[in-house]
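Use these hints to put chain L onto chain U, whose structure you have.
There are 2 protein chains.
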Amino acid sequence: MPSHLLTQHACKELDAVDPLAPFRSQFELPEHIIYLDGNSLGALPKATAPRISQVVQQEWGRDLISSWNKHGWWQAQQRVGRKISRIIGAADDEVLVADSTSINLFKVVAAALDLHPGKIIVSERANFPTDLYMLEGLIRHLGRGHQLRLVDSSEELRTAIDGDVAVVVLTHVSYRTGRMLHMAAITAHAQARGAMVVWDLAHSAGAMPLQLSSAGVDFAVGCGYKFLNGGPGAPAFLYVAKRLQDRVQQPLSGWFGHARPFAFEPSFDAAPGIQRFQCGTPPIISLAALEVGVDLMLGVPLAHVREKSVALGCLFMRLVDLECFEWGFQLASPGDPAERGSQICFTHPEGYSIIQALIRLGVVGDFRAPDILRFGFAPLYVRHVDVWDAVQKLKLVMQERLWDRAEYRRSAVVT
Amino acid sequence: MPSHLLTQHACKELDAVDPLAPFRSQFELPEHIIYLDGNSLGALPKATAPRISQVVQQEWGRDLISSWNKHGWWQAQQRVGRKISRIIGAADDEVLVADSTSINLFKVVAAALDLHPGKIIVSERANFPTDLYMLEGLIRHLGRGHQLRLVDSSEELRTAIDGDVAVVVLTHVSYRTGRMLHMAAITAHAQARGAMVVWDLAHSAGAMPLQLSSAGVDFAVGCGYKFLNGGPGAPAFLYVAKRLQDRVQQPLSGWFGHARPFAFEPSFDAAPGIQRFQCGTPPIISLAALEVGVDLMLGVPLAHVREKSVALGCLFMRLVDLECFEWGFQLASPGDPAERGSQICFTHPEGYSIIQALIRLGVVGDFRAPDILRFGFAPLYVRHVDVWDAVQKLKLVMQERLWDRAEYRRSAVVT
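Those protein sequences? They're chains U and L, same order as listed. So for the first sequence, my numbering puts the first residue at 1047; every next one is plus one. So for the second sequence, my numbering puts the first residue at 1047; every next one is plus one.
Pulled out of the complex, with its shape left as it was, chain U reads as follows (with noise of 0.2 angstroms):
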């Protein structure tokens, strides 16, 4: 589209012509709000506040202990696992749901080392760090001599999987830039030199379709709480190659990971599968907070998430280009839709204050320190002209230097 016609009225067009639009009207949306921080933590489906109502007043309070076997609680993990399968390109026994994502993280590298006499864990130094801290704290913890190796961009990371390496342990889309790596190709590459892949899929599960089994992935480990829409802090999923299941051990083994775990033996004895990587009690009302948002995402066809998710960047970039281009915005993300997630990214050294000055005004978005300006893309409930009247908000945020103001500090948000 010329730029003379990029205008509100044509955002709308867009909207009418959208083949998710029908899906925003499933979502809680507080009004005169333009979220933009779904990759930090997705929306409310509307169904989730009857359905958490239901387990909590009629499960528990009605059936108490009876519903672990009358409403399925036994079976939660392994079957909301089973509908993530089916949007992370998965077989159907190849996905649990369990813990956190740092604590799958730690499962399942600690499974790949087992498997795996290197003693090189490669990451990035910009990954997530909560990722960094568990590889530390795994091989402290081992104190069998792995180290980690850090590397600080995509040229490095090829050369720095050599023959030495045990694990790769990489995050798909970045939190920071939302810059998406080649999945398949550095699987390869990795498996190649015989190294082990461990994918972080917490900004890309629910935002494009992915397919992990055809891309030959050992393991990896997501989040619920972002474009799942599984609310605060959803229990998390981990995927582990159907032919490596029965061949490794978790450290993390509790008696729902064990093969009879009402047996009450005395002895571990990992159930076969992808169970094995269950540890403890799940915490069921926020489990089935999850189901609704995956529920929800089995219903949407993902290339059309993807589709749309990639036009709500690209016009999020050309208009805070032609908008804002005064104020010194430097593009943090890819340029090239290929090569990014779901969000987009600018630096900017009054980063923290622009983005307190944009939610008073309604849109939401966050910040990631040093200087990171970071608006995500949810295309399930974000529109075309969502994205026209954030660059609208942030043009008046910069013309009115409304920034500028003593109360606009740091102070901590989650990601």
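Note that these hints are calculated values from the structure, not bench results. If you're wondering where the values come from, they're calculated on a predicted model, not measured in any experiment. Treat the hints with care, since some could be wrong.
Each pair may be met inside one copy or between any two copies, as identical chains are not told apart.
Using 30 angstroms as the maximum straight-line C-alpha spacing, the simulated DSBU-like pairs for lysine-lysine come out as follows [what the hints assert, rightly or not]:
no., residue 1, residue 2
1, K1439, K1116
2, K1058, K1441
3, K1116, K1441
4, K1116, K1092
What follows is chain L alone, placed relative to chain U:
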């Protein structure tokens, strides 16, 4: 009370003067059910559903990402931990809510082994299996020749704790028999031999006053979904003595345990104090349900809870003895109330079927392999008359052989 005065009417009179009686109305209890399984899954407090609805609809739905600060999500694990500290007799910065009991056990035992050169971990063969499974996983994972020394009796326990022992891992109240160990004495005995002690409080927190600090306990873990009424799979808690906190590291070092989680630094720097035992993002909805249960418990005099728990247990034992002596129930719990927690267990060869028949009559206890009938007494909502009526139903099940039906065969039930 002489046996001939033990009547339903007398039980009702005891309820009329019970100082805890008013708490029963704070729970949603299904009609026509006598729930003697609060030691497995606590009942639903009436305040929980409205609070969860608020968290889902207002905090998540309306305030979205800003709730991490605005509604104190970020501090929730420490806030609820502080509240639990008052229930277990700890200082307010010694307790944290996090993950599951299994995972917390892994953290604290790993931390203890880090401090101690010994290779022996002492526990009981009859400990709750997930505790043993987690120790097994930890030992295998560490690969440093640690050994599990399992004992079969309290007497054996004393002699098993010698100068080679690094850590003693015990459950305060046995899930199978309700037998209660002497926390302070065993802690002192172990510490005098140079060992550290980890207590699992799953079946004691909320059921009796505890004094972790004055007993000098090193580490403890506990469960949110039994006597704390936190909901199915509620997040668990852990305790680390203040004197140890800054000396230990735990391997599950996720971003919530970092000193500056939002600086997004590539290296882990453990937060001071108990916060370093946090790992990933906690399940906020389930955590909010736990907080309601804990808040309710904070208003309860724990000495009365213990007193009533003992009274209900003694009443139950006595009535079973009077009414059901001919059917060969063997007491599996200690006869002395000072030696047991808040449950009474019997063995019977037809235990599984008897429990199923009782459940059909509205008396919910549970079964533990191979032959244990388990009855829990949650003093906040179980009345003396419930105990009377439950034993009458048990008598009916035995007199009429109601248990002797093909449909009452084995299936899974969760502790």
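Hints, verified against the model:
In this assembly of identical chains, the alpha carbons of K1439 and K1116 lie at most 30 angstroms apart only when taken from different copies (23 angstroms versus 51 angstroms within one copy). Proximity of K1058 to K1441 under the C-alpha cut-off of 30 angstroms is restricted to the intra-copy arrangement: shortest distance 20 angstroms within a copy versus 72 angstroms between copies. In this assembly of identical chains, the alpha carbons of K1116 and K1441 lie at most 30 angstroms apart only when taken from different copies (27 angstroms versus 55 angstroms within one copy). In the homo-oligomer, the alpha carbons of K1116 and K1092 lie at most 30 angstroms apart both inside one protomer (25 angstroms) and across protomers (22 angstroms), since each shortest distance falls under that limit.
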